[in-house]
Structures are given as structure tokens and as C-alpha cells.
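Peer 1: Top line first, the protein sequences correspond to chains A and B. Anchor point for the first sequence: position 268 equals 268 in our numbering, and the numbering is continuous, going up by one each time. Anchor point for the second sequence: position 59 equals 59 in our numbering, and the numbering is continuous, going up by one each time.
I should point out that these hints are in silico values taken from the structure, not numbers from a laboratory. Don't be surprised by glycine CBs; every beta carbon is placed ideally from N, CA and C. The reader is advised that the hints may include incorrect statements.
[Stated by the list, open to error] Label pairs and their in silico Cβ distance ranges:
hint: 1; chain 1: A; residue 1: D211; chain 2: B; residue 2: E108; range: 26 to 36 Å
hint: 2; chain 1: B; residue 1: A58; chain 2: A; residue 2: R14; range: 20 to 30 Å
hint: 3; chain 1: B; residue 1: K147; chain 2: A; residue 2: D217; range: 48 to 58 Å
hint: 4; chain 1: B; residue 1: R150; chain 2: A; residue 2: D249; range: 19 to 29 Å
[As the list claims (entries may be wrong)] Every beta carbon over 12 Å from chain B, so not counted as near; a handful from chain A, in silico:
hint: 5; residue: T4
hint: 6; residue: E6
hint: 7; residue: R8
hint: 8; residue: A11
hint: 9; residue: G13
hint: 10; residue: P94
hint: 11; residue: N102
hint: 12; residue: A135
hint: 13; residue: R138
hint: 14; residue: N166
hint: 15; residue: E194
hint: 16; residue: S196
hint: 17; residue: S216
hint: 18; residue: S224
hint: 19; residue: K244
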Amino acid sequence: MSFTLEDRLAAYGRTLDAAVQERSIVENGDANTEVTSLESVRRNNRLPALAVAAALLAVVGFLAVRMSDGTKVEELATNATTTELAPHQVRFDPQMQQDLINFCTFLTTTPGEQSGSPFLPNEAVVQQYVVIPIASHRSGVLALAPDYVRHCDIAIAEDGQLEMLNRSGSVETRTLDRLEPDGIRVFGGSWGDEISIYGQFGTGISNISADVPFGSDTMVGISSGYFQITGALAGNVGDEPSLKWTSSDGSERTATITDLNSISTDTVVERPDSDGAIVSD
Amino acid sequence: MIEFLDAAPSAELEQLRARLNRAFVARYGIDVGPDVTSEVMTWAFEHQAELAGIDNVAGYLFRVGQSKSRRLLRWKGERAAFPPEPRPAGTGPSFEPGLPDALSALSEEQRTAIVLVHCFQWTYHEVAELLDVPLHTVRNLIHRGMKELRNELGVAR
Chain A
1 MSFTLEDRLA AYGRTLDAAV QERSIVENGD ANTEVTSLES VRRNNRLPAL AVAAALLAVV
61 GFLAVRMSDG TKVEELATNA TTTELAPHQV RFDPQMQQDL INFCTFLTTT PGEQSGSPFL
121 PNEAVVQQYV VIPIASHRSG VLALAPDYVR HCDIAIAEDG QLEMLNRSGS VETRTLDRLE
181 PDGIRVFGGS WGDEISIYGQ FGTGISNISA DVPFGSDTMV GISSGYFQIT GALAGNVGDE
241 PSLKWTSSDG SERTATITDL NSISTDTVVE RPDSDGAIVS D
Chain B
1 MIEFLDAAPS AELEQLRARL NRAFVARYGI DVGPDVTSEV MTWAFEHQAE LAGIDNVAGY
61 LFRVGQSKSR RLLRWKGERA AFPPEPRPAG TGPSFEPGLP DALSALSEEQ RTAIVLVHCF
121 QWTYHEVAEL LDVPLHTVRN LIHRGMKELR NELGVAR
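The following block holds chain A by itself, in its conformation from the complex (with noise of 0.2 Å):
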């Protein structure tokens, strides 16, 4: 019996689909399954329901109204002499804080039986949120579960809207350990026309910032350990960037994105003491 290409390719779809099957393992919660990539998550999207909607637009509207007085964001002296301070150093106040995590959460969540958009199995596997201020106008939120880590890019507006400007997320172990002093890594992110990077550093590394070959805005914002890049390109964007910061024994290092994806995670010494997030649910 002989088979023809046709053959082959036939039965080969049925591998596509298998291994289609296979990445959507995280969304039924089997958080010690290997999978290759968050974004299988993803896959199975289920559009957010009215409920959903609605909620959302309700949060929207709340926030809208209490940033109208203008007094919820503290922006505070540059000054990037220790690793919690970045060149554009801003705090949020705990309400913000958790206004920009419902935010995320609404985005990103499956709640309870209502259908819900991508990116995360259900909130109840999130262990520990991290807010990241970049700028007033500019804020990064880490979920974290154990076997993943997912991330929103959120700009707010000055009458207080909130827009999501990126989602993204990727499966990694241990993402609430803690690195060792110098370790550092990328958790995922991407560089179009707008360049959104998060990861993770040790408490040895300070300045953290990004070279980014015809990139403008860039801004580093900082939090507990874990860290965004913002900013805009503009033209051509044939190289990737690179992030640059001081190890603790004062040395200049650099490394390209790819580089750093690559860093094994080894370097995960502890878990993080209760202080490490700002928010923990």
C-alpha cells in the first residue's frame, strides 16, 4: 500500500491539531503540565461577556470621576541611585494601584461561569499582583501564578480613562521566587510600533534602562523586583533592544532582549518575602 503526499498531509493534520490540543493544557489547570507558551491560553478565548462588559465600563466611568481632582497621582523627584526608583519615578496611591489591577483583571480573566477574554485561566490562580508605575500617564500590571506570568500595558488618561495598550504573557516557573542579587530576565514583551518589555531582576542590579535602536519615550518603570520598558519606535525597527543596568559590584552590563530570554532560571535562589508585591490577593 502506498500513500501519496495527499496521504501524509492529511494525517499530519491531524498532528497539527493534536499539538493545537496540546497547548491548551493551562486552561484546564493543570499547573504542573510543561507547556511552550502562555499564549496557548490564549487559543481558546472566550469573548467577554455583557456582564463583563458592562463591569468594565462601570470601573471605567468610577475612575473617570475620582481622577478628576487630579490628586491621586503622586509623581516624585528623578533619582536612580537604588533599584526601586526609576528615571521617571511615580507612585500611585493603594486605590489606584488596585483600580489598574481591576482593570487588568477585567481584561484578562475568565470570572467564574461568565466568559471572559484570554490570557488567564481564572483569577483564582493568581497569586500575587504587581503594579508597576512607569509615568502618570503610564502604568505596567504583572498577574503572577506560579507557572506563569501575564502583563498589561495601561495608559490613563488625564480625565482618568484607562486604555489598554498591550497584553501579553508567557509561561515561566517560578516567577514569584526571587532572583540572586545579580540574576536577571525577561518574561516577554514586544517591540512594534510600540515597545512593551517586562522581567524580573535581583537586588544587586540598579539603573536599569533600554537602548532602543530608533525608539523615543523610552521610560523604565520599577517595582518589587520586577521591571517594564515602555516607549514608541518610529521608522525602521530591524534591531532588537537592549537593556543595559549595573550589577552590584558597580559594572556596566548589557544584553540583548534574546539574550536575556534565554538566562536560565537557575538563578532563583527564595521566595519572596511578604513585602515583595504591592498588592498581594
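Given the coordinates of chain A, work out where chain B should sit on it, guided by the hints.
Peer 2: Frame of chain A; chain B shown alone:
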């Protein structure tokens, strides 16, 4: 027109997502394809007003996905990745270990047409509608693509 604000995902919407997912897997491979689907479905939700007057929603969203894919391809690599075929017990004659790489080497258009038609059993008409090209263009894509695959794999038929 598909209603995106249904209280629960409609069967029609789920079918659209599944079809787009296969199309994007065919075009961009197993790593990037599902991500593009996700981006596109999210975009569709956020831009449902724009979709209201469009007849060929799948074709429109497929083009949206082509735009969305650029960023993902930069991040995950330009080459479409396809899973290896599991070696069956006894390694029957249908086993073709070079097929994933040969598919990756095709042009995006050829690969999309061939995978959708021969792997996922779409009709030529359905592929033409998705790609927004005439039927004869799909025939040409498949004819030339299959010829390249045969050359690459060293098979006569």
C-alpha cells in the same frame, strides 16, 4: 453578523475562532498562529462596530491577523514552526519526518493554502474567500506548493 456581546460565546463565534485558528496555524505555525488568533479575537471584540457592515468577517479578520502577526513574529522568530510527526509504531509508510520542515520552507501563501486544503480539508472556495483571492489563484498556490513539497521531500506523488 456575529454578535460579540452575547451572554455566552455563540456557536457561530466559536466556529469562527476555530477556523481562524487553523488558518493562522497554517500560515504562522504552531507557536505564533494561536497567539495571532487570540490577538485577532480580542481586536474583533474591541472593534465590533467596524465589523458590523462586513460580509466576509473571517477574511477581514485574517487580514487583521496578518498585521498583528508582525509584532509576534519579531518576538518569536520569523520561521513558522510545525510540530514533528510522531513516529508511529512500526513506522508505517505514511511517516514523513521531513514534512514539518518542508512546510516551513514554503511561502506563507502556499503553506496556508496547502495546509488548509490538505491537512484541514477546507475547500478551494473557502480558502479563496479567506485569502480574498480568485479561485484560480488558490489552485496555482496549491499546485506550485505541492510541487515544491514533492521536490523537497523527494517523493514522486
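Peer 1: Any of the earlier hints contradicted here, and which numbers?
Peer 2: 4, 5, 6, 7, 8, 9, 14, 15 and 16
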